[in-house]
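Protein chains in written order, with this note's numbering: chain U, 1 to 284; chain Y, 1 to 293; chain A, 1 to 366; chain Z, 1 to 161.
For the record, the hints were derived by calculation from the structure and aren't laboratory data. Computed from a predicted structure; not experimentally measured. Some hints here could point you the wrong way.
Stated by the list, open to error - Mimicking DSS-like on lysine-lysine, the simulated pairs with C-alpha atoms at most 27 Å apart in a straight line are:
{"#": "1", "chain 1": "A", "residue 1": "K80", "chain 2": "A", "residue 2": "K104"}
{"#": "2", "chain 1": "A", "residue 1": "K275", "chain 2": "Y", "residue 2": "K91"}
{"#": "3", "chain 1": "A", "residue 1": "K80", "chain 2": "Y", "residue 2": "K46"}
{"#": "4", "chain 1": "Y", "residue 1": "K46", "chain 2": "A", "residue 2": "K83"}
{"#": "5", "chain 1": "Y", "residue 1": "K27", "chain 2": "A", "residue 2": "K26"}
{"#": "6", "chain 1": "Z", "residue 1": "K109", "chain 2": "U", "residue 2": "K146"}
{"#": "7", "chain 1": "U", "residue 1": "K273", "chain 2": "Z", "residue 2": "K109"}
{"#": "8", "chain 1": "Y", "residue 1": "K233", "chain 2": "A", "residue 2": "K238"}
{"#": "9", "chain 1": "Z", "residue 1": "K109", "chain 2": "U", "residue 2": "K157"}
{"#": "10", "chain 1": "Y", "residue 1": "K27", "chain 2": "A", "residue 2": "K80"}
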Amino acid sequence: MMDYTNQIQDIAGKLFSEGKIDVFIGYRNTGFDTNQVPALITHYKDVDQLVFNEKSDFNLTNYLKYEHTRNKRIGLVVKGCDSRALNLMLTENQINRDRLYIVGIACEGVVNELGGKAQNCLECIMPDAVVFDELLGNPTGKREYKINTDVSELTGKSLIERGILFEEVFENCIRCNACRHSCPLCYCAKCCIDQETSTLYHGANTTSGAFHALMTWSLHLAGRCVDCRNCEKACPSHLPLHLLHKQNEQVIYENFQQHLAGMIRDDRGAFYKYSLSDPDDFIM
Amino acid sequence: MNTKQITKQHDFTIHDMEQLLIPTLCKIDRIIQETPDIRTYRLKFKEESLMERFTWLPGQFVEFSLLGSGECTFCIASSATRKGYFDCSIKRAGVVTGDIHRDLDEGEEIGIRGPYGNWFPLEELKGKNLLFVGGGIGLAPLRSLIQYAIDNRNDYADFTILYGARTSADLCYKDEIKEWQDNKTLKVILTIDKPEDTWTTNVGVVPKILEEVVKPAIENTKVITCGPPIMIKYTILSLKKLGFADQDIITTLEMKMQCGLGKCGRCNIGSTYVCKDGPVFTNEQLQGLPDEF
Amino acid sequence: MILSCNENLNEMNLITYITDPAGLQKFYEAVISTHATFAPVETFGKFDYKPVTSLSECDPGSPVPLTRSMKPLFFPKSAKIMKYVTTSEGTAVSDTVDDPLAGKRVILGVKHCDARALQVLDHVYKWDYLDTDYEKRRENTLLVSVRCDEAARHCFCTSLDWDVEHTDAVDVAVIKGLDGKVYIQARSEKGTLLLEQHPPGEDDTSGSSAEEIRKQYASFAGSFRLSMDYKTVSAKMKNSFDSPAFEEASSNCISCNTCAFVCPTCHCFKISDEKIRDEGVRYKSYDSCNNVYFTLMAGGHNPRLVKYRRWRQRAMHKFSYYKERFGVNLCVGCGKCTVSCPVNISIFEMVNQVADTIVTASQSCE
Amino acid sequence: MEAEVNDQIVSIEKPHLIAPAGWQPLIVGILCNWCSYAGSDLTGTSRTQYPPNIRIIRVPCSSRVDPWFIIKALQTTADGVLVSGCHPGDCHYITGNYYARRRFLVTKKLLNFVGIHEDRVQFSWVSAAEGTKFAQVVAKVTGDIKKLGPLHLYKKENRNK
Numbered sequence: 001m002m003d004y005t006n007q008i009q010d011i012a013g014k015l016f017s018e019g020k021i022d023v024f025i026g027y028r029n030t031g032f033d034t035n036q037v038p039a040l041i042t043h044y045k046d047v048d049q050l051v052f053n054e055k056s057d058f059n060l061t062n063y064l065k066y067e068h069t070r071n072k073r074i075g076l077v078v079k080g081c082d083s084r085a086l087n088l089m090l091t092e093n094q095i096n097r098d099r100l101y102i103v104g105i106a107c108e109g110v111v112n113e114l115g116g117k118a119q120n121c122l123e124c125i126m127p128d129a130v131v132f133d134e135l136l137g138n139p140t141g142k143r144e145y146k147i148n149t150d151v152s153e154l155t156g157k158s159l160i161e162r163g164i165l166f167e168e169v170f171e172n173c174i175r176c177n178a179c180r181h182s183c184p185l186c187y188c189a190k191c192c193i194d195q196e197t198s199t200l201y202h203g204a205n206t207t208s209g210a211f212h213a214l215m216t217w218s219l220h221l222a223g224r225c226v227d228c229r230n231c232e233k234a235c236p237s238h239l240p241l242h243l244l245h246k247q248n249e250q251v252i253y254e255n256f257q258q259h260l261a262g263m264i265r266d267d268r269g270a271f272y273k274y275s276l277s278d279p280d281d282f283i284m
Numbered sequence: 001m002n003t004k005q006i007t008k009q010h011d012f013t014i015h016d017m018e019q020l021l022i023p024t025l026c027k028i029d030r031i032i033q034e035t036p037d038i039r040t041y042r043l044k045f046k047e048e049s050l051m052e053r054f055t056w057l058p059g060q061f062v063e064f065s066l067l068g069s070g071e072c073t074f075c076i077a078s079s080a081t082r083k084g085y086f087d088c089s090i091k092r093a094g095v096v097t098g099d100i101h102r103d104l105d106e107g108e109e110i111g112i113r114g115p116y117g118n119w120f121p122l123e124e125l126k127g128k129n130l131l132f133v134g135g136g137i138g139l140a141p142l143r144s145l146i147q148y149a150i151d152n153r154n155d156y157a158d159f160t161i162l163y164g165a166r167t168s169a170d171l172c173y174k175d176e177i178k179e180w181q182d183n184k185t186l187k188v189i190l191t192i193d194k195p196e197d198t199w200t201t202n203v204g205v206v207p208k209i210l211e212e213v214v215k216p217a218i219e220n221t222k223v224i225t226c227g228p229p230i231m232i233k234y235t236i237l238s239l240k241k242l243g244f245a246d247q248d249i250i251t252t253l254e255m256k257m258q259c260g261l262g263k264c265g266r267c268n269i270g271s272t273y274v275c276k277d278g279p280v281f282t283n284e285q286l287q288g289l290p291d292e293f
Numbered sequence: 001m002i003l004s005c006n007e008n009l010n011e012m013n014l015i016t017y018i019t020d021p022a023g024l025q026k027f028y029e030a031v032i033s034t035h036a037t038f039a040p041v042e043t044f045g046k047f048d049y050k051p052v053t054s055l056s057e058c059d060p061g062s063p064v065p066l067t068r069s070m071k072p073l074f075f076p077k078s079a080k081i082m083k084y085v086t087t088s089e090g091t092a093v094s095d096t097v098d099d100p101l102a103g104k105r106v107i108l109g110v111k112h113c114d115a116r117a118l119q120v121l122d123h124v125y126k127w128d129y130l131d132t133d134y135e136k137r138r139e140n141t142l143l144v145s146v147r148c149d150e151a152a153r154h155c156f157c158t159s160l161d162w163d164v165e166h167t168d169a170v171d172v173a174v175i176k177g178l179d180g181k182v183y184i185q186a187r188s189e190k191g192t193l194l195l196e197q198h199p200p201g202e203d204d205t206s207g208s209s210a211e212e213i214r215k216q217y218a219s220f221a222g223s224f225r226l227s228m229d230y231k232t233v234s235a236k237m238k239n240s241f242d243s244p245a246f247e248e249a250s251s252n253c254i255s256c257n258t259c260a261f262v263c264p265t266c267h268c269f270k271i272s273d274e275k276i277r278d279e280g281v282r283y284k285s286y287d288s289c290n291n292v293y294f295t296l297m298a299g300g301h302n303p304r305l306v307k308y309r310r311w312r313q314r315a316m317h318k319f320s321y322y323k324e325r326f327g328v329n330l331c332v333g334c335g336k337c338t339v340s341c342p343v344n345i346s347i348f349e350m351v352n353q354v355a356d357t358i359v360t361a362s363q364s365c366e
Numbered sequence: 001m002e003a004e005v006n007d008q009i010v011s012i013e014k015p016h017l018i019a020p021a022g023w024q025p026l027i028v029g030i031l032c033n034w035c036s037y038a039g040s041d042l043t044g045t046s047r048t049q050y051p052p053n054i055r056i057i058r059v060p061c062s063s064r065v066d067p068w069f070i071i072k073a074l075q076t077t078a079d080g081v082l083v084s085g086c087h088p089g090d091c092h093y094i095t096g097n098y099y100a101r102r103r104f105l106v107t108k109k110l111l112n113f114v115g116i117h118e119d120r121v122q123f124s125w126v127s128a129a130e131g132t133k134f135a136q137v138v139a140k141v142t143g144d145i146k147k148l149g150p151l152h153l154y155k156k157e158n159r160n161k
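Chain U on its own, in the form it takes in the complex (with noise of 0.2 Å):
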């Protein structure tokens, strides 16, 4: 099992003491659970909470669009899929490089609630972080692209029993928009789901709302979610949210020349680009 806490402590009090940062984000123990929390370090002093193991499943770069860390030189801890939601956010100009230092982790996979390895740690296609100033533990390269079996499962069975589930999934959701906050690449400073000036708006929490809102939002990170599963983690609903990611994202594989999101700086997301050769074939 990974441990990095001794290494990230002792980076991190570095950066303290040379003066290069003014904010480490990293993860500490609740104190009273097993869990552990995002921690926003800010003294030297504190650097001892800092702890890093298979428990430290929060996207951190998710903290990078937050008010607190505007205009800061911030150290950050990344595995290789937050480092790719944080390729995005270097492409899509939402942050500039040089305020960051960042700690890339060799992830050997988190655990999930009941103690196993996390399903997308199973599938997961790149374990190494792939933008760092320091990469911690030993990095075992690019792996292949599996399909999620959930998907394919789901794929295989009919229409009704699929829309039969995902009226229960709509009917679940309260709308509390966890999913959409924790999400690191929900940046945009008022969803256009929110903009009560537009015709449309949808303010109410019902059923139709919840399927309004949730299509659009993970038609919106279509082609470039990572796949951190932060949404399925934050939600209160415990609502299968990677299908809708991970079906779009086989989707995109298949039919956009293996487009994987964030793998490469400056490589924007599926729909930002194009191919001649792209399926034309279900266009009248």
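Given the coordinates of chain U, assemble chains Y, A and Z onto it according to the supplied hints.
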């Protein structure tokens, strides 16, 4: 502020429907363009008999709903002593107010819930000198009280109205202000922030004029002020400098409200619900509240 | 603090029935067959109160904490307020069709904290203006609780201003005794009537049940991991408005609304219109003070634009403002917000952290 | 149960939901200004008949169509959506429809994935000269959606009553 101080709702509501959140339909009788971005909507109930039953006191507000856009809180800008209608002055600022300005014409229907909130302490004001200090759209709640006081002129002693706006075009209720100026029992002082060619009287922000021109007597005087937050802040400072006591300064608070019933939690400042315990507060009460407005 | 009504309850001769687990199942089945029933149903790996028609669909004894409370049954996530239609003759506003939650119903498997939350909510819904929808739902509902037999990781109900053991918030309490027997106790008139309709076992005439019920409580009362000195904390929270601890404690909050939406006592809502062509519906839906746009005013002024201000509002509303106003604490200690929080922020931890800073401040003054 | 205006979402194609007599589908057509809209114009001026079920929205380019528009149309009143733009290579903005093409594929697949029949959301390339093609496309989409019946959206609460 403790629960005992909660003012009991004025013994009238227009809710014939059980659900408190359902508005009653009103027709727009007249639209008066006060300034480039403020319009006054003169409203009458669609069901005329309701108009007689609808009474309110100066300082109370209503929830104005443009069906399809949403609800907004506006104070009633006219006095119940002027029967048969009520006014809401609306400044184009946000989503719903933008829609109101764009979509509503005379004769169209809107929804009204109310009246909600407390009112100016009319009993306490009796026999006192009244000094009104208003800025911009902030004259609207004051207008309700001014009209009320003019109609009960004998109850009150001296009357001074100080009203300021950014430019002369931004002054609301121009016709009515003329009436007030013609009324010999009132003293009206107008001011604008920057000099203009056609403007012959005072120039300067409201607190400055208050200190330099109005120089109000402190004894037996109550000040009622409303305007943009920054104006209220400096007006209160000026008033304190002039020697006014906290309980003699009365203001109405602006806070996001949605239900008007003390349920939705939006206007909650400390343990106070602005929509129920307010919007009229004395400066003394305001100082007991956390600084969140 | 023991509520005064509890004392009355103790004086009242509570009818207690003694039965065994099989008898309890029979009792549940009988209730489901005669009443419209809601019970915890497992959906997507969590328990949520749903209408049920047979006992096999649900699990009344579901473990604590349920990730959802029964708040949606009284204050649904989105309720229609009214409908309106615009025609050439004018607009017609109408009440919505019948409220699906207003009918007579029984809720099984209620946790005591959730039931207490309803008592707390009564204050805000019934002050001054009466929320008739809420009142109707409340009146027509009979709560059958199952008393917890363990404390979950984030529970801290025993530290607060209500009594888990003697609560009168439920109508019927089911207590699984340590001796393998099940004690079913009526705690209100409504509950007595239900038990008379479906007597679940023998009436306890000897009075031995009281001892067993106490024993069951004692068996888990000590197992609470979290405990605090409520009186001190709430007294300190009163003066904590300017505490710098809020800023630090809320630094990793991501400003989603999860905590408020799952909280059994949070009651803020927004009103939104959905209009298509000439017809529209007005909805009342959940909203939360953690939402940036919650207090955004039309002119662009927002008193709680900064995150720690919103957290301060939340924490102080729970532990200070509401108590000042209505005399009860707005937090019931169920721990649902902590369980659901994407970044595991604990309101217990937050409040204690803030209260700690107040200690040091007052001490340094002295 | 009378139709709740705004509660109608994604259809589940239940066999028992047969279109009521006299029912006509409502199709939202989102057409690009430069080709398809001109094409539909030509259909009209050349008096070619096509089903009257389509309501046309004009957008500058097919790449202006955010998937959100399609979802919102389905969420509210539409039984189907037709999006149409210039042929690849003919885009007024040179490459707009290449970008749009990618989005459309993913949108269509995702909607199908959550239980909306593929035929409910259709796409076409219609140039300004193809008045006849536009009529054929509308006829085909209308026919497809008539076969599928009205879009009974995710609204269990209403269906149960």
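Cross-check of the supplied hints:
no.: 1; hint: K80(A) x K104(A); verdict: 20 Å, holds
no.: 2; hint: K275(A) x K91(Y); verdict: 24 Å, holds
no.: 3; hint: K80(A) x K46(Y); verdict: 24 Å, holds
no.: 4; hint: K46(Y) x K83(A); verdict: 18 Å, holds
no.: 5; hint: K27(Y) x K26(A); verdict: 60 Å, violated
no.: 6; hint: K109(Z) x K146(U); verdict: 19 Å, holds
no.: 7; hint: K273(U) x K109(Z); verdict: 19 Å, holds
no.: 8; hint: K233(Y) x K238(A); verdict: 26 Å, holds
no.: 9; hint: K109(Z) x K157(U); verdict: 14 Å, holds
no.: 10; hint: K27(Y) x K80(A); verdict: 24 Å, holds
Of the numbered hints given earlier, the model fails hint 5 alone.
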